[in-house]
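K.L.:
If you follow the hints, you should be able to join the two separate chains into one complex; please do so.
Read off the chains here:
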Amino acid sequence: MKNGFTVFFAAFIALGASWTGFVLGPALQLGHQKQTTILNSSDPYPIQRTGDATLGMQVYRANGCAACHTEQIQQDGVACTVVLTAAGKNPEAVTNLLSTLNLDGLTEGQASAVADKITASGGKSETHIYATGGDVARGWGIRHSVAADYLYDYPVQLGSLRVGPDLAAIGARQPDASWHLAHLYAPQSKMPGSCMPAFKFLFEVRKIKGTPSPDALALSGQFAPADGYEVVPKPEAKQLVAYLLSLRADVPLYEAPFTPPVAATK
Amino acid sequence: MKANDSTPVTDSQIDASCRVPLLALFGGAALWLVVGLVLALIASIKFHAPDFLADCPLLTYGRVQPAANDLILYGFAIPAALGVVLWIFARLSQVELVLPMVPVVAANLWHIGVLIGFVGILLGNSTGFLWLEFPRPAAPLLFVAFVLIAISAAATFGQRQDRALYPSHWFLLAALLWFPWIYSTANLFLIGWPVRGVAQSIIDWWYAGNLLLVWLSLVGLGIAFYFLPKLGGRPLESRFYAQFVFWTLILFGTWAGVPAGAPVPSWVTSLSRVGTAMFVVPLLVVGIIFFKTVSGAKSTCKGGPFCQMRFGTVAFLLSGVLLLSANCPQISRVTQFTWFEQAQVQWQVFGFFTIVVLGGFNHLFPRVMGCDLPFPKFVRFQHWLFMAGAALLLVSLATAGILQGLHGYAFAAALPALRLSTLGLLFLLLGSLIFAANVFVMTIRWKLGLIKIVINAVLAPLSAAEVKS
Numbered sequence: 266m267k268n269g270f271t272v273f274f275a276a277f278i279a280l281g282a283s284w285t286g287f288v289l290g291p292a293l294q295l296g297h298q299k300q301t302t303i304l305n306s307s308d309p310y311p312i313q314r315t316g317d318a319t320l321g322m323q324v325y326r327a328n329g330c331a332a333c334h335t336e337q338i339q340q341d342g343v344a345c346t347v348v349l350t351a352a353g354k355n356p357e358a359v360t361n362l363l364s365t366l367n368l369d370g371l372t373e374g375q376a377s378a379v380a381d382k383i384t385a386s387g388g389k390s391e392t393h394i395y396a397t398g399g400d401v402a403r404g405w406g407i408r409h410s411v412a413a414d415y416l417y418d419y420p421v422q423l424g425s426l427r428v429g430p431d432l433a434a435i436g437a438r439q440p441d442a443s444w445h446l447a448h449l450y451a452p453q454s455k456m457p458g459s460c461m462p463a464f465k466f467l468f469e470v471r472k473i474k475g476t477p478s479p480d481a482l483a484l485s486g487q488f489a490p491a492d493g494y495e496v497v498p499k500p501e502a503k504q505l506v507a508y509l510l511s512l513r514a515d516v517p518l519y520e521a522p523f524t525p526p527v528a529a530t531k
Numbered sequence: 169m170k171a172n173d174s175t176p177v178t179d180s181q182i183d184a185s186c187r188v189p190l191l192a193l194f195g196g197a198a199l200w201l202v203v204g205l206v207l208a209l210i211a212s213i214k215f216h217a218p219d220f221l222a223d224c225p226l227l228t229y230g231r232v233q234p235a236a237n238d239l240i241l242y243g244f245a246i247p248a249a250l251g252v253v254l255w256i257f258a259r260l261s262q263v264e265l266v267l268p269m270v271p272v273v274a275a276n277l278w279h280i281g282v283l284i285g286f287v288g289i290l291l292g293n294s295t296g297f298l299w300l301e302f303p304r305p306a307a308p309l310l311f312v313a314f315v316l317i318a319i320s321a322a323a324t325f326g327q328r329q330d331r332a333l334y335p336s337h338w339f340l341l342a343a344l345l346w347f348p349w350i351y352s353t354a355n356l357f358l359i360g361w362p363v364r365g366v367a368q369s370i371i372d373w374w375y376a377g378n379l380l381l382v383w384l385s386l387v388g389l390g391i392a393f394y395f396l397p398k399l400g401g402r403p404l405e406s407r408f409y410a411q412f413v414f415w416t417l418i419l420f421g422t423w424a425g426v427p428a429g430a431p432v433p434s435w436v437t438s439l440s441r442v443g444t445a446m447f448v449v450p451l452l453v454v455g456i457i458f459f460k461t462v463s464g465a466k467s468t469c470k471g472g473p474f475c476q477m478r479f480g481t482v483a484f485l486l487s488g489v490l491l492l493s494a495n496c497p498q499i500s501r502v503t504q505f506t507w508f509e510q511a512q513v514q515w516q517v518f519g520f521f522t523i524v525v526l527g528g529f530n531h532l533f534p535r536v537m538g539c540d541l542p543f544p545k546f547v548r549f550q551h552w553l554f555m556a557g558a559a560l561l562l563v564s565l566a567t568a569g570i571l572q573g574l575h576g577y578a579f580a581a582a583l584p585a586l587r588l589s590t591l592g593l594l595f596l597l598l599g600s601l602i603f604a605a606n607v608f609v610m611t612i613r614w615k616l617g618l619i620k621i622v623i624n625a626v627l628a629p630l631s632a633a634e635v636k637s
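Protein sequence lines, in the order shown, are assigned to chains C and B. In my numbering, each residue's number is its place in the first sequence (first place is 1) plus 265. In my numbering, each residue's number is its place in the second sequence (first place is 1) plus 168.
Hints are computed from structural coordinates only; laboratory data are not their basis. Just to be clear, a hint being listed does not mean it is correct.
To be verified - Some chain B residues judged to face chain C by a derived CB distance under 8 Å, without partners named:
hint, residue
1, 296
2, 345
3, 346
4, 365
5, 576
The beta carbon of each residue, even a glycine, is placed where N, CA and C say it ideally should be.
The shape of chain B in the complex, shown without the other chains (with noise of 0.2 Å):
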């Protein structure tokens, strides 16, 4: 499988090549992050007034809720990350993107597949299970269209000049079993063929758990561990230390997910708690591998996509102590069923895996396109935006989960600081809209530039020697 090709392929050949695929995952990603953080904000101010937008059934706060969560996941996180890692598989291969077209339809299918899911919940058909609301004609196509993007990334993998694996490697390529497995398994049993009672509940938790907690933190952390010490200028430290934390994270992650106390056999639940509790050891390592591969960096910290992946990277040991934190019995007494909770899974897709997606694609979009940002300064601007929204984000849930778990669900108690988390939505959005304006632009700009070369062509005088034969 090696390529023998004599002359090396260049970067801005393998970048090149990776730029149709790419514009289709974040054209769609970006489209689905700014419509989800408007339901999003549209949810929100129901807690300022229950009745805004309630006669609409399409609006109601139990279907723009999740719609708005599945938006964000489905319709930007994974498709933005995926973008992200098929451009790091093409550079630590050194080869250019192979299949480049499989990524392309693939992206296609997977954003229909949203729009098909997202309007699904908004009519009323979602299937009621956590995380997995989008109807059944959603799933064959997010299905599919992630194995192609996995085929087309493997594809590359093979390919590789070095031989020798990355510990980026590692993390991306077991995220690309992941997926695909627990995405088949949960469909399968709660919708295909769904099986009896609150066996569908453990289901569901177990594949909420492994897509928030392991498939996120497989991915973020992959990436930050590839652009880390490529930014920082530094090594990885250690290729063992990111050994340990690849084992220990699939091992007891894994099993993280069913909320103690619930009306399941016991044993599920302990099982549970005791994973959660072991998933210290991978977030201890972890912050040993960010401290020692970053301190004494070589570039500093000025709002680029480095600072986005030290501030990523942070946000998920934070992520880590709060979930955590909610472990311990004498903490989930009072966190569980509360906003707390929300707050932890919030912080988990925005402080630390937006924010490290966004920061691979401020890095690499450029080099994609061939040429700068449409809006290179607000690049600062909404990182800003995003780790303001993401940090009131979190605590203001965290503070409302806190009040209304001290106060025995009384949702009195915990609405001013419910309220407050409107505001960094609104955050998230202004930012969400720099990221869209630049993709946006940038795909405009792209597709003039096609137009032209067509024109140009068309336009062009015949050659002297063509006129002859």
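Looking at chain C on its own, in the form it has when it is part of the complex (with noise of 0.2 Å):
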């Protein structure tokens, strides 16, 4: 490398690689990233989110709550289990077979392997799929995310730190919209020892008059505002929670599949 036009070119190669690589790329292969559909319906997903969440997203960002969230849940893998549905005309073979097998945590091969020998014996079943690792097992979701959960977000907000935790489901972990606004009030009135800071900035505490207000936050002991006053969330504070509870990640796509609890199945 004798001259300065050397390094350059060096340089160019190198960070001209990359950047095709994970600017061009991604752009190129994500840029045009359409609406997709839940697995076996025709739903589209994602639908766009309501303008109160969406307004919540820029109150999520102008408070950098993405410093200590993410919104990213990971899975190790997917397992199977298979569910018998019908025991059939001859149930104490299918009893005495099922005491045999192992119906939880396989494969796709082996669950398919073992719906057959139900089947032989006269039974029927059903082969379930789920998500697995650390993540799902704290109930933090129910799959793990994927490309498609952030096609209407600007900007995307992934995280890197969990201080607290990851919010990609939240919505439907915690569907209660006065749980997150007391929480926000006061994070300690919900989780006790959490180091969470207030977010007291985003309501109003104001004196009754009249009748009280129906928005009003249900606080009590030391969180409670004084008497004749109430907490009140500002339009910010309901933008939030708005984002938040449209945080969900809760339907099986093609690329994260997953068999729905009973109740949503069909």
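P.N.:
Put into structure tokens, the structure is as follows:
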């Protein structure tokens, strides 16, 4: 490397390669990503957020929630479980068969072999798929996050540090808006010992004039406002909660299959 | 482009030509370092008392913490390093700094950009992209300022007396190209005309990886490879190894940054993991260069610039080891999304980069100003504070991260270790105050000196010749 031009050329080649790979490549592959459909259904996914939730995403951004919360559930893989749905004409044989078989934690191949044996003995079975891994075991989500989940996000805030729990499916995990409002106003009132800072500036503490506001938070003990006062969420707080409730990631997709819980199956 | 002056310029003339630009760069950098560390300290105190300053929206954790990170990186690390780089270019070229007023303008633009950016974050106008939080109006200022400084550096480089390139040249020239490219790409694709969906995250990780790993390494190593031989009194061992480091660093490092298991196409995460793993190659060779160059060095380590360069280079090796270990699937199962990853980044910034840059600063600043530092005895103390602070930050955050990972992100497990990091930040803040005191007192002295010259010129008695005419 004798002159400056060679150095620039070297840097150009190296950075140009990763630019092509990690900027151009994803932009071409994902830049025209479109709505997909939910697995085994014709329902589109994802659907646009409501106006409030879209504004709430900006409240989430402005206050840097992603400094402590990720929005990406991970999974190790999937496993299958075989569920007997009908014993058929010879229930005794099926029962005997089942007692000899391992029905849970199977690969797809094993599951279909088990299902074949059950069918051969006259019973009927269903194979259910579920995701496995730490995040799923913690109850943070039912499947891993995939690119489609973020189609309408700007900015996409995947986060990199879990000081608090992952929020990719918080709307499915805790669908109660009033819980979220109280938690934002006084985190320790819902999660004792939490180190989350309070977001009291998203609320207004005001004197009750006449009838109390229907929006007022139900707070008790040390977190309650003084007598004659009420805590009312400002629009930002409501928008933020609308956004949190819109984070669900709870439908099966082609790239993230699982069998929905019984209540959801048709 | 060869300078044809018959009389070669002396080192002190070269140093003096850098004086005004460097004061402009270092002055703002010192201010932002102190402010950034105060904000980092505020963020850290919130882990002792979550409600500390929580009711002020400007100082909520999610705004203070990115503001602190960005102030330290963009406000301090980059301009301070550019100051050292300009001086190295002038010295290596053996000419006075070309276009000295350009970096002065650029430094002011840069620091105004940082001011806009950091106030913007506190007001809630962060872009929401990691390491790119400065709001839209800040980006063009930073970009233009960097390009102007790069032009001045390149012009100085073009005038060099000895046409052969020194290894530091490669690293620093590449860094001058690197930043404008990644910064403009990230701003255009994320903020100007945003791409759709998770492609945003991939570009953001690409940017952050190229900035924190490649850019900081290029500049930090470029500076260290200049000062280690110079202060140690031994040649760099060797040019060939340095060339190997240069190539492998930019070829492999540039792919790092995408976390495993991210919700992106799996070829992206796999490629990034491979690139990060290959980083072991430049790391090993830097180790060889360091030990071959430093062993048998004539000067000893007494807390001065040589000592800081040595510590910084070893810190680079440790930072690389942390990065590689967090890249192993078995370890990343525990450390992903924990403070461990933050510990590596903080160590890269403070343990490696800041200490190398400050080492260079402590060596060149008295020469550039033509007088001793106002507080020369504190330089050693400052180095100890930075070493202890960075090490404490690393140990506490890494421990917190491992505990957090082992307990399924249960935060209570990590809290005691995390609280220790406040002490590390306090040490860093004290060290940065010494740095700032040296810069500011020197600036005031210089300005007073200028005023004195003006006053003397005004008050000087007229010479007989002038009276006659």
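K.L.:
Against each hint, give a clear statement of whether it holds in the structure.
P.N.:
Each hint, compared with the structure:
Nearest Cβ of chain C to the Cβ of residue 296(B): about 4 Å, under the 8 Å cut. The hint holds. The closest approach between the C-beta of residue 345(B) and any C-beta of chain C is roughly 5 Å, which is under the 8 Å cut-off, so the hint is satisfied. For residue 346(B), the shortest C-beta to C-beta distance to chain C is roughly 6 Å, which falls under 8 Å, so the interface hint holds. A distance limit of 8 Å between C-beta atoms decides the matter here; for residue 365(B) the minimum to chain C is near 5 Å, and the interface restraint holds.
Contact between residue 576(B) and chain C, as hinted, is supported at the beta carbon level, the nearest pair being about 6 Å apart and thus within 8 Å.
Hint violations for this structure: none, all hints satisfied.
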